[in-house]
Structure formats: C-alpha cells, structure tokens
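All chains, please: the whole structure from these sequences, using the hints.
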Amino acid sequence: MKPKMMIKLAIDIVMTVIMLLLMAYVFTGYRPHMWLGISEFILCIIHNILNRKWYFALFKGKYNLVRTVHTVVNIAVFSSMIGLMISGIILSNAFGLIRIHAGRAFARQLHMLSSYWGFLLMSLHLGLHWRMIMGMLRKRLKPLSRAQIFLVRIAACMIALNGIYAFIDNEIISYMLLAREFAGFDMTKGMLGFIAEHIAMMGIYIFIAHYATVLLRGIKRKEKQRNEHFGDQGKPA
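Quick note: the sequence shown uses the working numbering, first residue 109, plus one each step.
These are computed hints drawn from the structure, not numbers from a lab.
Among the hints, a few may not be true.
BS3-like, lysine-lysine: derived pairs with alpha carbons at most 27 angstroms apart [unchecked claim]:
1) K168 x K116
2) K330 x K168
3) K110 x K250
4) K247 x K110
5) K161 x K116
6) K116 x K250
7) K247 x K112
8) K161 x K247
9) K161 x K328
10) K332 x K297
11) K250 x K112
12) K168 x K332
13) K168 x K112
14) K116 x K247
15) K170 x K332
16) K170 x K328
17) K168 x K297
18) K170 x K330
19) K110 x K161
Here it is as structure tokens:
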C-alpha cells in the first residue's frame, strides 16, 4: 500500500473513532467533546486536502447515477461538518474566548441536525467506499475461504439487524427530524453499550450504501452489455 493511501486510511479510521466518541457526549462530557470536535474538523479539512483531486474533477466528465450519489453524499457530509463547526463555536462561546449570547437556540437545533444527519452521511460515505476499503484489506490479509466469507456476511447482517433495532429503540429519527431537541439515552447501558449500538447503526448505513452501489453498478454493467450487444447486431456484415 502506498504511503499516501496508508495516511488516508489512518485518518479515516481516526475520524470514525472520534465520530463515535462525539456521539457519546452524554458520557464524555463537555470539554472532551469540544476538543474531540475540533480534532474531527481539522482531520476533515486534511481529508479533503488529501482528496482535492475529487474537487478538481467535479465539473469534468459525465455523471451517471453512481457518481451523482457519491457527489451528493460527499457535499452533504462536508455541509454537516460546517454546520457542526458553526453551531459548536456558538454553543461553546467561541471555545471560551468570546461570550456569544445570540442564536444559541438556533445553534442547538443546528448542532442536533448536523450531528445525527452527519453520523448517517459519514456512515453512507464509508459504505460507498467499502469496496475500496475491503480491496485494500484483502491485499494485506490472507484470502478468506468460502466458509469464512459466509460467516463474515452473516456477521454483517447480524450487525445491521441489531443496528435497525438500536435505531428504533433509541428513537433516532426523532432527533433527525427535530421532534426532540435534547438527546436522552439509557445510561444503564454504559459507554461501551452506547458505542456498540452506534457501531451497529453505522453498520446499517454502510450495508445500505455498499449494496446499493453494487446493485447500481450491476445495472450499469447489464445496460452496457445490452447496448454493446445491440450495437454489434446493427453493424453491417
């Protein structure tokens, strides 16, 4: 694996871990949450700088459905990070440097929306790149047998199913739609239980994004083959 790719992968892993810790605000407390948020934003900027070629190619080439989905999700992820940073600055009084009184109610709503939608979008972003991530891992690990692949897929399905249960049980949709403005979780589950549930919920979004991409690529491949088939038939003998 190239050094630049290893750096990108390491940053993505750290960002994912920090994102889970940020969601666990009820356990980490205010000050660690603030510094974790700053770290996440800095890593997001570095991530975008390392992937700057994507921005340069934004208005080049044709857009099929897969590329359009990737573009929309990527822009939405970056927008959620901006929303989190703006609302974080207001709620933290510019990280303790300036007293900010105006707009705190709006900032609280923006932070709630950006947090839960950002969590979903970042997980979808991971899912859209899951094939590439797994490809890099396969180069580093020994090939799996059919039985091992089957077990991994069963485990992935179990994680996704547990994620669906956690999503419903924790009423996440109410936060995403601002039906509730303050997060409330069962503290008896502990921080590890909380993070495990959020990993499972990430699993849903990754599962959906990955297999939706596989499906779309399959449809595109069949359309290309069909067009080539009819094109060849239309050629003069």
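Consistency of the hints with the structure:
About 24 angstroms separates the Cα atoms of K168 and K116, which keeps this hinted pair within 27 angstroms; it holds. Straight-line distance between C-alpha atoms of K330 and K168 comes to about 25 angstroms, which keeps the hinted pair within the 27 angstroms bound. A threshold of 27 angstroms between alpha carbons decides the hint, and for K110 with K250 the separation of about 19 angstroms falls inside it, so the pair holds. A hinted pair counts as satisfied when its Cα atoms are at most 27 angstroms apart, and K247 with K110 qualifies at roughly 12 angstroms.
Taken as a hint, the K161 and K116 pair is honoured in the structure, with Cα atoms around 14 angstroms apart against an allowance of 27 angstroms. Among the hinted pairs, K116 with K250 is consistent with the structure: their alpha-carbon atoms are about 22 angstroms apart, no more than 27 angstroms. Proposed proximity of K247 and K112 is supported: the alpha carbons are some 16 angstroms apart, at most 27 angstroms. The straight-line distance between the Cα atoms of K161 and K247 is roughly 24 angstroms, inside the 27 angstroms bound, and the hint therefore holds.
Restraint check for K161 and K328: satisfied, since their Cα atoms lie roughly 25 angstroms apart, inside the 27 angstroms limit. Our distance criterion of 27 angstroms between C-alpha atoms is broken by K332 and K297, whose separation comes to about 50 angstroms. As the CA atoms of K250 and K112 are separated by approximately 23 angstroms, the hinted pair is consistent with the 27 angstroms bound. For the suggested pair K168 and K332, the alpha carbons sit about 21 angstroms apart, so the restraint of at most 27 angstroms is met.
Only pairs whose Cα atoms come within 27 angstroms are accepted, and K168 paired with K112 is accepted, the gap being roughly 24 angstroms. For a cut-off of 27 angstroms, the pair hint linking K116 to K247 stands: about 16 angstroms separates their Cα positions. Distance restraint check for K170 and K332: the Cα-Cα separation of roughly 15 angstroms lies within the 27 angstroms cut-off, and the hinted pair is therefore satisfied. For the given pair, K170 sits about 14 angstroms from K328 by alpha-carbon distance, which is consistent with the 27 angstroms threshold.
Straight-line distance between C-alpha atoms of K168 and K297 comes to about 49 angstroms, which puts the hinted pair past the 27 angstroms bound. As the CA atoms of K170 and K330 are separated by approximately 19 angstroms, the hinted pair is consistent with the 27 angstroms bound. A threshold of 27 angstroms between alpha carbons decides the hint, and for K110 with K161 the separation of about 17 angstroms falls inside it, so the pair holds.
Hint violations for this structure: numbers 10, 17, all remaining hints satisfied.
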